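Asks: Below are the chains, spelled out letter by letter.
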Amino acid sequence: MNSEQLPVISQSPIAGRPHKNTGWRLFLQTVIARAYPRVVGQQGEKSWMFFDVLLPLGGVIAYVCVYKAIGAPEDYVGFVVMGGAMTAFWMNVLWSMSSQLYWEKEQGNLALYIMAPNSMMAILLGMALGGMVATTLRALVITIIGSLMFQVQYVVSSYLQLFAVFILAMTALYGMGMMFASMFLLLSREAWHLSNLAQEPVYLVSGFYFPIRNFPFWIAAASSIIPLTLGLDAMRQLAFASGPTLGFISVGIEIGVLAVLCVVFLTAAHFLLAYMEKLAIREGRLTESRR
Amino acid sequence: MDFAIQTEKLSRIYKIRGGKKSEPKSLAALSDINLEVHRGELFGLLGPNGAGKTTLIKVLTTLLAPTSGQAWVAGYDVAKDPEKVRPRINMVSGGESSGYGLLTVRENLWMFSQFYGIPSGEANRRIKQLLEIVGLADRLNTKSSDLSTGLRQKMNIVRGFLTDPEVLFLDEPTLGLDVGASREVRRFIRQWIDENRARTLLLTTHYMVEAEELCDRVAIVNQGKVLACDTPASLKRRLQQDVLFRLETSPLNGVGAEIFQSLPGVRKVTHRPQDGFAVLELILEEDSILSSVVNAMTTANICIINLQKREPTLEDVFVDLVGRSMEEVESSEQ
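Order-wise, the sequence lines are chains A and B.
Numbered by the working numbering, the letters in the first sequence go through residues 425 to 715 in order.
Numbered by the working numbering, the letters in the second sequence go through residues 243 to 576 in order.
Please keep in mind that the hints were generated in silico from the structure rather than gathered at the bench.
Quick caveat: nothing in here was measured; it's all calculated off a predicted structure.
Mixed in with the good hints there might be a few duds.
[Unchecked claim] Straight-line alpha carbon distances no greater than 25 Å define the calculated BS3-like cross-link-like pairs of lysine-lysine that follow:
#, chain 1, residue 1, chain 2, residue 2
1, A, K444, B, K326
2, B, K370, A, K702
3, A, K702, B, K251
4, B, K322, A, K444
5, B, K370, A, K444
6, A, K702, B, K478
7, B, K257, A, K702
8, B, K385, A, K470
9, B, K370, B, K385
10, A, K702, B, K326
[What the hints assert, rightly or not] Residues of chain B clear of chain A, computed beta-carbon distances all greater than 10 Å:
#, residue
11, Q248
12, S253
13, G317
14, E325
15, P329
16, S339
17, L344
18, F487
19, G507
20, R509
21, T541
22, L549
Virtual Cβ for every residue (Gly too), placed ideally from N, Cα, C.
I would like the entire structure built from these sequences, with the hints used as guidance.
Replies: Right, dumping it as structure tokens:
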């Protein structure tokens with residue numbers, strides 16, 4: 425705005441306003457646009473190498489040292505590396521999905537998301553997809569470094585099943601993250617505390633660093649509500665020689681349960697989001713606390 | 243009549259939670275607001291902080307449900323048909339920090355354009371065009387976290403105009419901007435509305451100059467109520483029979499402005515203590531009343547440093563309606 429006579433903003437009459445897509449095109453555009461900051465933007469911040477790779481690797485190394493000291497079966501080292509890689513997804517779901525809408529609210533983005541003609545489900549899917557892609561990169565780096573460092577031997581019985589389990593586990597996990605995000609919509613700083621509270625216990629009950637078969641059946645069954653529990657168990661069964669003997673239940677059943685969890689969490693997220701959005705509009709809790 | 247915005251007895255009451263033992267309190271942020279904004283109008287909501295301006299914008303932009311009454315934007319009920327209202331509107335708030343700091347200006351704007359379904363190519367073209375107009379073209383690839391407050395606000399303003407909405411809401415758009423940048427933003431806003439009279443813009447502000455310079459009509463609001471609504475010229479005409487003086491005096495030294503207020507023919511007095519002197523704004527019924535004010539000052543040992551007769555402003559209209567200046571209302575609310 426540096427000239428006396430400003431350039432013409434738009435020559436077009438009202439009928440010539442920018443073309444705007446609707447329906448599924450708008451849904452898809454929204455998913456891609458919301459995934460963009462996570463897929464592209466976050467890669468620009470090199471600090472992820474430290475926080476998202478080196479810190480989880482520290483936990484992996486500690487467990488490997490313990491297992492080697494007590495003479496645990498060799499495949500346990502591989503279990504730990506795989507579990508360490510999967511912690512990145514749990515962290516991402518907790519901090520960048522569940523409590524994300526609280527941060528969006530404080531930044532002023534949530535109001536803009538709600539006010540736009542897009543679907544909030546598309547925003548959540550975009551967050552999930554972006555988070556999943558960015559975290560897969562981190563998990564891959566942890567897996568490669570851990571495998572090379574400890575010379576992990578993989579004996580994959582079915583690549584197709586391994587891929588299917590991974591996709592199902594991720595879909596169910598991020599579906600759960602979307603459901604939590606909807607539930608946390610009304611929360612303020614409590615969202616941060618709840619995420620903090622859920623972090624460590626899940627490392628334990630989901631068997632990130634050991635097979636959940638070591639738990640009594642009902643504890644293992646109860647912890648299966650977290651998709652990573654069964655996902656990790658099935659992936660270990662499919663990727664290591666001793667996996668099937670140390671597995672919790674058969675891979676077929678685990679795939680079936682994961683498929684059910686996908687449907688349950690995504691459906692719950694859809695309905696909860698609609699309900700919570702209405703409630704937040706009624707109670708005036710959609711905008712940042714300072715305004 | 244074709245209204246872009248219409249409200250009928252619109253009210254919003256907030257429940258404020260007390261402590262564990264105390265009952266929740268109610269705060270009426272909006273009380274029976276009736277407004278009619280014509281298509282093509284640049285309409286201003288003028289009032290102090292806490293008057294209910296932002297609450298009204300939140301209701302009109304479908305972010306907050308009214309407690310009672312109704313509101314329509316672009317012909318649709320904001321509570322019943324929010325999905326029909328949303329494609330037709332956009333909003334920019336002063337001092338907002340929306341977007342992501344790790345994205346560039348272009349990426350942030352592109353992201354928000356996608357939420358409105360604008361095809362990528364067209365969005366990028368419009369982003370360049372608008373950034374050119376607001377003088378941000380050279381910052382296209384700057385991370386938004388590296389922008390100053392003023393530049394960031396310009397980016398936010400572009401975000402609002404990018405979708406070319408039928409109805410645009412600007413909530414204190416020049417908040418935190420320096421004088422020059424504010425003037426440029428005001429000029430841009432005025433041009434946007436003048437170019438196409440099918441566009442409507444509702445602007446909230448507590449800057450009198452902004453309301454006076456920009457708005458076709460202004461509603462003065464305080465404590466959730468519309469006190470007056472007209473063109474700036476008509477609002478000021480309310481005070482045309484009165485005469486207004488601005489006096490700079492020595493400090494009042496404990497003498498209350500009420501002693502002048504009680505003099506016959508004095509309609510309103512506001513007092514603003516400054517560093518080493520005081521400013522008194524007087525609304526008098528006629529010129530001759532000034533002599534009794536001057537006499538009262540002399541008796542109270544108050545020296546007049548400067549005396550100026552002036553034309554009424556919207557600030558004077560506010561004082562006339564509320565009895566206090568906006569500054570006084572804001573400080574008493576705090």
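Asks: Please go over all the hints and tell whether each is borne out by the structure.
Replies: Quick rundown of the hints versus the structure:
1. K444(A) to K326(B): holds, 14 Å
2. K370(B) to K702(A): Roughly 36 Å separates the two Cα atoms, so the pair is violated.
3. K702(A) to K251(B): Since the Cα atoms of K702(A) and K251(B) sit roughly 22 Å apart, the hinted pair holds (cutoff 25 Å).
4. K322(B) to K444(A): holds, 23 Å
5. K370(B) to K444(A): Answer holds: K370(B) to K444(A) is near 18 Å, not above 25 Å.
6. K702(A) to K478(B): violated, 42 Å
7. K257(B) to K702(A): holds, 17 Å
8. K385(B) to K470(A): holds, 15 Å
9. K370(B) to K385(B): holds, 16 Å
10. K702(A) to K326(B): At roughly 16 Å apart (the allowed maximum being 25 Å), K326(B) and K702(A) satisfy the hint.
11. Q248: Label holds. Min Cβ-Cβ 19 Å, cutoff 10 Å.
12. S253: Since the minimum Cβ distance to chain A is about 13 Å, S253(B) lies beyond 10 Å and the statement holds.
13. G317: Nearest chain A Cβ is 14 Å from G317(B), so the label holds.
14. E325: violated, 7 Å
15. P329: Given a closest Cβ separation of 4 Å, the condition is violated.
16. S339: Check fails; 6 Å does not lie beyond 10 Å.
17. L344: About 4 Å separates L344(B) from the closest Cβ of chain A, which leaves it inside 10 Å; violated.
18. F487: holds, 36 Å
19. G507: holds, 43 Å
20. R509: R509(B) is indeed farther than 10 Å from all Cβ atoms of chain A, at 36 Å.
21. T541: The claim stands: T541(B) keeps its Cβ more than 10 Å from every Cβ of chain A (closest is about 48 Å).
22. L549: The claim holds: L549(B) sits with its nearest Cβ about 37 Å from chain A, beyond 10 Å.
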